[in-house]
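Trainee: Each chain, letter by letter, is given below.
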Amino acid sequence: MDERQQLEAAVARVRRRARIACGARVLSAAAFAAALGFALAGPTGLAAGLLGLVLLRGPGLSLLVRRLDAALGAAGAFECAWDHRDGESPMLVAQRRRALALIKAEAARVAAPSPHFAWLLPPLLWVWPALTPRAEPPPTPTPPPGAAAAQPKGEGATTDPEPGAEPRKAGAAAKAHEDSPDAGAAAEAGAAGGGAAGAKAKVGGVGTTAGARSGGGAGAHKVVVGGGAGSVVVPRARPTALPVTKPEATLDPSDPARPYPRRYRALIHDWFGRAGD
Amino acid sequence: MSDASEVEAQAQRLREAVLGLRQALGGLIVGQREVIEGVMVGVLAGGHVLLEGAPGLGKTLLVKALARCLELKASRIQFTPDLMPSDILGTQVLHDTPQGPTLQFEPGPIFAEVVLADEINRANPRTQSALLEAMAEKQVTQGQETRPLGPPFFVMATENPIEMEGTYPLPEAQADRFMLKLEVRPPAREELLRILDVRPEGGLAALRPCLPKQALLDAQAHVAQLPAADAVKGLIADLVLATRPELAPARFRPLLRLGASPRGAQSLLMAARARAAMAGRLHVTEEDVRAMARPVLRHRILLGFAARAEGVSADDVLDAIVG
Chain A
1 MDERQQLEAA
11 VARVRRRARI
21 ACGARVLSAA
31 AFAAALGFAL
41 AGPTGLAAGL
51 LGLVLLRGPG
61 LSLLVRRLDA
71 ALGAAGAFEC
81 AWDHRDGESP
91 MLVAQRRRAL
101 ALIKAEAARV
111 AAPSPHFAWL
121 LPPLLWVWPA
131 LTPRAEPPPT
141 PTPPPGAAAA
151 QPKGEGATTD
161 PEPGAEPRKA
171 GAAAKAHEDS
181 PDAGAAAEAG
191 AAGGGAAGAK
201 AKVGGVGTTA
211 GARSGGGAGA
221 HKVVVGGGAG
231 SVVVPRARPT
241 ALPVTKPEAT
251 LDPSDPARPY
261 PRRYRALIHD
271 WFGRAGD
Chain B
278 MSDASEVEAQ
288 AQRLREAVLG
298 LRQALGGLIV
308 GQREVIEGVM
318 VGVLAGGHVL
328 LEGAPGLGKT
338 LLVKALARCL
348 ELKASRIQFT
358 PDLMPSDILG
368 TQVLHDTPQG
378 PTLQFEPGPI
388 FAEVVLADEI
398 NRANPRTQSA
408 LLEAMAEKQV
418 TQGQETRPLG
428 PPFFVMATEN
438 PIEMEGTYPL
448 PEAQADRFML
458 KLEVRPPARE
468 ELLRILDVRP
478 EGGLAALRPC
488 LPKQALLDAQ
498 AHVAQLPAAD
508 AVKGLIADLV
518 LATRPELAPA
528 RFRPLLRLGA
538 SPRGAQSLLM
548 AARARAAMAG
558 RLHVTEEDVR
568 AMARPVLRHR
578 ILLGFAARAE
588 GVSADDVLDA
598 IVG
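First to last, the protein sequences are chains A and B.
Each residue of the first sequence is one higher than the last, beginning at 1 in the numbering used here.
Each residue of the second sequence is one higher than the last, beginning at 278 in the numbering used here.
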C-alpha cells in the first residue's frame, strides 16, 4: 500500500464511522419525529419523520479530514497531505510521510465518535410496547348467590369493567375480601337489635350482600347477616353504604374527571344527579 | 532536491542555520526578538523588509549585522533629501578611451546582494520610486539595457515614523513592494541595562558568516516549495479580502481607503512558509498565517483622514480581522 493509499485508507475509516453514526442519528431523529407526529396528528404525523432524513446530514469530507487531523494532533499536517495527495514532488512526498507517521488507530474513534446513548431512546418508543408484556386484568370475582337478588337493577356495572378501563396487574389487584368500612350498616344492624352476633356482623366480604349501591332510593335493599336461625334481615340503612362484592381493581381512566374508585360512583351520582354511567 | 530524504536533510540544515543566525544576531541586538524573527523570515522568503522605529533603536545595526552573517555583498544607501535616482541606480559616465570618449555605465549601490536603505523616507518620492523596479522585478533598466540584480537580492530599509520632521511618506506602490514592515519598539528597563554592556562596533566586527550564499539560496528554494492546505489558502484570501473597505468589519469601513493587494496575499503565503520552515515543519499552518498577517499587511492598508482623526491605526484594523 503506497502512501496515497494509506492516506485514503485512514480517511475511509473515519468516513465509515461517520456515516454509521450519522445513519443512527437520522433513524433516531426519524423515529422521534414519527412518534411525536403520530401522537399529535395520527398517520399524517409520520411524514414528520421524513424531516430527520432531510435535515440531518453527516459531516462533509473536508470536515472529517480536519477532525482526523485534530485527533492526530497533526497541527494541519494530515490535512495538508490530504489536499496534496496527488502530488509527487519530493517536498510533497516528504510531507506526506511525516503525516502518515502520525496516524494512530484510535484517532478514527476520536474523529468520528459514536452517537450518545440518548439517540437510542426515540427508536425505543416504537419498540418498547412490543417488548414489554401486557398486564392481564385481574379475574372477576364470582358474586355469591345471595348477592344476586340484592343487586339493584341496572346496576350491572358491578363486575363489568368500565369502558376504557385498563385492568390492573394481579399483584396490585384490590383486595378480594374487604372489611366493611360501612359503619353505618353495622350500626344499623346493631340498632336493629340483632344481638351481639348481629352487632358484630359486618357487611363485607364475599358472600354478603352488595346491595347497598343504590341508584336512587334506598328502597328495599336488605342485608342478610349471618344465616339460618338468628339471621337478621337488615334494611339498607343509608345510601352511603358501600358495596363490597367487587374489589376496586382499577380506576376509571375513561373519565379523567373521576379519579375515584368505582365504589364511590353511586355516591357521586347521587350528589351530582348524573344519569347513568 | 532529488528525493524526499534530501528534503528532510535540507529541512534539518535550514533549522541549524536559523539557530546559528538567531544566536548571532541575538548576541548583538538586545531584545527585539520579534524583529529578529521577522528579518529572518524576510531573508528566507526572499522578500524586502522595512524597519520602522525612532532613532537610536538599533535598526541600522541589525541590518549591518545581518549582512555580515549572510556572507553577501552588501551596500548602504543613506537617503537624504537631495539624493537623486542616479545616486541609487547608477549613471552613464564619460570615459576617455584609446578609441575615444565613450559612455560607460557605472552601477550604483543598488547593485549588491543586500542593500541597506537607511532612513528611506528622508528622500523625496521621486528618488524613492527609483527602487520600484529593482524591488519588484530585481532588475534595473537604464536606457536600452536591463541589468539583473542578484540572486539573492534584498532591500533592508529603515525609516523614522512619519511624525518626525523632514520625512516623506513612502509611495503606496513602493510600500507594497516590501514583504514585511517591522516596528522596532523602545526597549524595557532590563533590556536597556543589558544594552549598556554591549559594545556595538566590537560586536559587529566579531560576527562571522553563518549562512553561506549557496546555503541561503538552497534554503530559499526549500521554503518556496512548502505546501499549504486549501484551508490555509482560504484563510489567507479571507484575511486579505477583509482589508478592503467594502468587506472590512463594519466599524472600520468608513475609515479605510484601500485594502491589501494580491501581492500582499502572495507575500503572506511566502512569509508563512518561511515561518513554518524555521520551525522545522514541512507544511504551513493557520497559526503561521495569523502570526505573519500583521507584519505583512499593516503597510498595505491605506487609512483615510477619518482614521487619523479617530486615532485608528492599521494594527487596530488587523486586530479586528485577524483576532
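The set of hints was computed from the structure by calculation and includes no laboratory data.
Any given hint could be a false lead.
[To be verified] Just some of the chain B residues that point at chain A, by a computed CB distance under 10 Å:
| # | residue |
| --- | --- |
| 1 | E285 |
| 2 | A506 |
| 3 | H560 |
[Claimed, not checked] Simulated pairs of lysine to any residue, SDA-like, Cα-Cα distance not exceeding 25 Å:
| # | chain 1 | residue 1 | chain 2 | residue 2 |
| --- | --- | --- | --- | --- |
| 4 | B | K490 | B | E564 |
| 5 | B | K510 | A | G73 |
| 6 | B | K510 | A | V11 |
| 7 | B | K490 | B | L338 |
| 8 | B | K510 | A | A24 |
| 9 | B | K510 | A | W119 |
| 10 | B | K510 | B | A407 |
| 11 | A | K104 | B | L579 |
| 12 | A | K104 | B | E564 |
| 13 | A | K104 | A | A71 |
| 14 | B | K510 | A | H269 |
| 15 | A | K104 | B | G557 |
Predicted, not measured: the structure shown is a model, and the values here were computed from it.
Cβ coordinates follow ideal geometry from the N, Cα and C atoms, glycine included.
Trainee: Each hint should be assessed against the structure and marked as holding or not.
Mentor: Evaluation of the provided hints:
{"no.": "1", "hint": "E285", "verdict": "holds, 6 Å"}
{"no.": "2", "hint": "A506", "verdict": "holds, 4 Å"}
{"no.": "3", "hint": "H560", "verdict": "holds, 4 Å"}
{"no.": "4", "hint": "K490(B) <-> E564(B)", "verdict": "violated, 30 Å"}
{"no.": "5", "hint": "K510(B) <-> G73(A)", "verdict": "holds, 20 Å"}
{"no.": "6", "hint": "K510(B) <-> V11(A)", "verdict": "holds, 22 Å"}
{"no.": "7", "hint": "K490(B) <-> L338(B)", "verdict": "holds, 21 Å"}
{"no.": "8", "hint": "K510(B) <-> A24(A)", "verdict": "violated, 35 Å"}
{"no.": "9", "hint": "K510(B) <-> W119(A)", "verdict": "violated, 38 Å"}
{"no.": "10", "hint": "K510(B) <-> A407(B)", "verdict": "violated, 33 Å"}
{"no.": "11", "hint": "K104(A) <-> L579(B)", "verdict": "violated, 48 Å"}
{"no.": "12", "hint": "K104(A) <-> E564(B)", "verdict": "holds, 24 Å"}
{"no.": "13", "hint": "K104(A) <-> A71(A)", "verdict": "holds, 9 Å"}
{"no.": "14", "hint": "K510(B) <-> H269(A)", "verdict": "violated, 82 Å"}
{"no.": "15", "hint": "K104(A) <-> G557(B)", "verdict": "holds, 22 Å"}
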